[in-house]
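*Asks:* Starting from the known structure of chain B, fit chain G onto it as the hints suggest.
2 protein chains.
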Amino acid sequence: MLVTKQSFTFGNPPDEMSLDNGRTLGPVTLSYETYGTLNVDRSNAILIGTGLTADSHAAGYYSEKDQYPGWWDGLIGEGKAFDTNKYFVICSNVIGGCMGSTGPASIYPITGKPFGMLFPVITIRDMVRAQHYLIDHLGIKKLLCVTGGSMGGLQALEWARTYPDRVRSIIPVSCSAHLTAQGIAFNEIGRQSIMAEPNWNNGNYYDKKSPTYGLALARMIGHITYLSEEKLQHRFGRKMVDSEIIKADGADQFEIESYLHYKGNTFVERFDANSYLYLTRAIDLFDLAIEGDLSKGVLNINTDCLFITMSSDWLFPPSETIQIVDILRQQQKNVDYVEIKTYHGHDGFLIETASMTEPIRKFLSGRK
Amino acid sequence: MLVTKQSFTFGNPPDEMSLDNGRTLGPVTLSYETYGTLNVDRSNAILIGTGLTADSHAAGYYSEKDQYPGWWDGLIGEGKAFDTNKYFVICSNVIGGCMGSTGPASIYPITGKPFGMLFPVITIRDMVRAQHYLIDHLGIKKLLCVTGGSMGGLQALEWARTYPDRVRSIIPVSCSAHLTAQGIAFNEIGRQSIMAEPNWNNGNYYDKKSPTYGLALARMIGHITYLSEEKLQHRFGRKMVDSEIIKADGADQFEIESYLHYKGNTFVERFDANSYLYLTRAIDLFDLAIEGDLSKGVLNINTDCLFITMSSDWLFPPSETIQIVDILRQQQKNVDYVEIKTYHGHDGFLIETASMTEPIRKFLSGRK
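Chain order of the listed sequences is B and G. Sequential numbering of the first sequence, starting at 928, is according to our numbering. Sequential numbering of the second sequence, starting at 928, is according to our numbering.
A portion of the hints provided could be inaccurate.
The list treats identical chains as one, so a pair stands whether inside a single copy or across any two.
[What the hints assert, rightly or not] Straight-line Cα separation of at most 27 Å, DSS-like style, residue types lysine-lysine; simulated pairs: (1) K1135 x K992; (2) K1158 x K1223; (3) K1223 x K1166; (4) K932 x K992; (5) K1260 x K932; (6) K1068 x K1013; (7) K1069 x K1013.
These are computed hints drawn from the structure, not numbers from a lab.
Isolated chain B (complex conformation) (with noise of 0.2 Å):
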């Protein structure tokens, strides 16, 4: 499947699109991508929304020298549980990020240089509420389903507590209500690493060197916090690598240490250190608690749900995913819930697509 990577702009002045902290942002670009054909009566519409660091390229190739396929493609296809046959895929990045969507690298209109620092805090909701405009310029009156993983999944909750009346169904994948206090400190710690580096400048680093550093060591935190225990200790135990930089005069690396310093280095070639605090304060500030009360929080959403978690996420655990099921149980609404048994952490909703098929096709299969 060859696909190309779209854009569509709204909100130029005076018509910004308002943001929860009070400011506007305009104009606003989003990028997408979309899989499969939107039916006639425009009732075929999966909209699946990026975790973190997820480019909108879900599905397919660019070309055919392409060496790999977009982050989901093990679901979306012909044939697959994202069945593009049958459904119209959209995948929408967020605002905020820094793969085509407008983010702090953009230009701030007023001072014509990028926004850096005076990027406005943005929230999950701002990221749907852009997407909606989306969603009005593509003609979709309701979504059949909105997905996604990770920061996502919580674009799914979202969507569904947010826009109740242009949503179908939500599957939230690998997330829960809000992040736990042990997620926020993870996620400050990598905000810090990059805050540190001499380089970061206040934000301010666009025509100099880049605070790769802080950003490599903030990407490593996150990675540990992607994979379960079990996985690094299978995949990496105490194993030495022989032939690397010897550290502290004489002391061998270790295996695991190699693979986070060559995850860390990769990642900055593709992402952008101001992107990173905007996003994960986003995932930080997302409740679907109002006031500590998920009931009340959750008493908007009447959407079909079909939750998936990983059994070994520590990130997002089950267990606080099961809370919403439980409640929305509770509230009489029509929710299903499968853990995927699989040692690949949080992680796991980018590998485990062969596990996520049979449920998710089972959860989408009749409905319209």
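*Replies:* Chain G in isolation, oriented as in the chain B frame:
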């Protein structure tokens, strides 16, 4: 109980102490404290090893005005688990550290300047080897017990396998045969945080500004691993601080963030960044197994053992400790095991002194 810090220097050239990495170190100073009285046949001595960042000040007060006692005061004193009416308790901190014992901040005789990164890589065995000189100096042929939590527990294990004839029993607390891949990963991120800071300057900062930001960040990372998710959730959850620094244009700060910043910032006043590098590396390198074989690794151990773990410890999980217990029991060794039910995580070894008292008292009773 009023106590005094003491120190002992040995290994003066040409009689330097040899190290695991083939180099030598000397002169070597060890900082230590003692509580109680050594009996006539010198058979009532208990040695306590320190954790990563702890001083030798394990019990009592330095003066009447002192606000806080030593870090294991709940266990050491008259009528306590390590009863100073019966036992002569010694707490020594470690080489590589920065609390009075020889470490990277000490003067390197060859250059006349602080060692910095010229300090040799040290291992837990090197720490124990240094303590063994102290025990000789105190005229003690055989220690009644060696104990300690976390890195202190690793020292107890190392004593039992390296000097089986010099120790009658060990009580390793909150530790296991080695750190997991995840534990190594967290240590490495802490080290990278320090080494990323320009003020670290390859370890040469003793006459300049210290890498306080990187060290604070390393401590913040460590601190997450010392506390259980449950405790973080219970104590902080998603509570916000009202009057704190406003970040990224209007987003409030979470209490967990403020707490970690506080912990990081107070830590840098009392700890040396280079010591953090060396001591975390020593912990990474410790392995009770020999070529992955734990049965082989513990063959030497013939002292009675009491292992104590904290149920919610995820840095040294009880499941890891139990592996040593099982193997020692297969080898017909005399091993007791107690898991303290607590939500304090790894830090439990500093907090759960009341719960640890009876098991320790029972284990030591009648022992000579």
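*Asks:* State for each hint whether it applies.
*Replies:* Against the structure, the hints come out as follows:
For the identical chains of this complex, K1135 and K992 are neighbours neither inside a copy (33 Å) nor across copies (53 Å), given an alpha-carbon limit of 27 Å. In the homo-oligomer, the alpha carbons of K1158 and K1223 lie at most 27 Å apart only across protomers (25 Å), although the nearest pairing inside one protomer, at 37 Å, exceeds that limit. When the C-alpha separation of K1223 and K1166 is checked against a cutoff of 27 Å, the pair qualifies only between copies, where the shortest distance is 18 Å, while the shortest distance within a copy is 49 Å. Taking identical chains as interchangeable, the C-alpha atoms of K932 and K992 lie at most 27 Å apart only when both belong to the same chain, with a minimum of 16 Å there against 70 Å between chains.
When the C-alpha separation of K1260 and K932 is checked against a cutoff of 27 Å, the pair qualifies neither within a copy, at 37 Å, nor between copies, at 66 Å. In this assembly of identical chains, K1068 and K1013 lie within 27 Å of each other by CA distance solely inside one copy; the values are 18 Å within and 81 Å between copies. Taking the shortest alpha-carbon separations for K1069 and K1013, only the intra-copy value of 16 Å comes in at or below 27 Å, while the best inter-copy value is 78 Å.
Violation of the numbered hints given earlier is confined to hints 1, 5; the remaining hints are satisfied by the structure.
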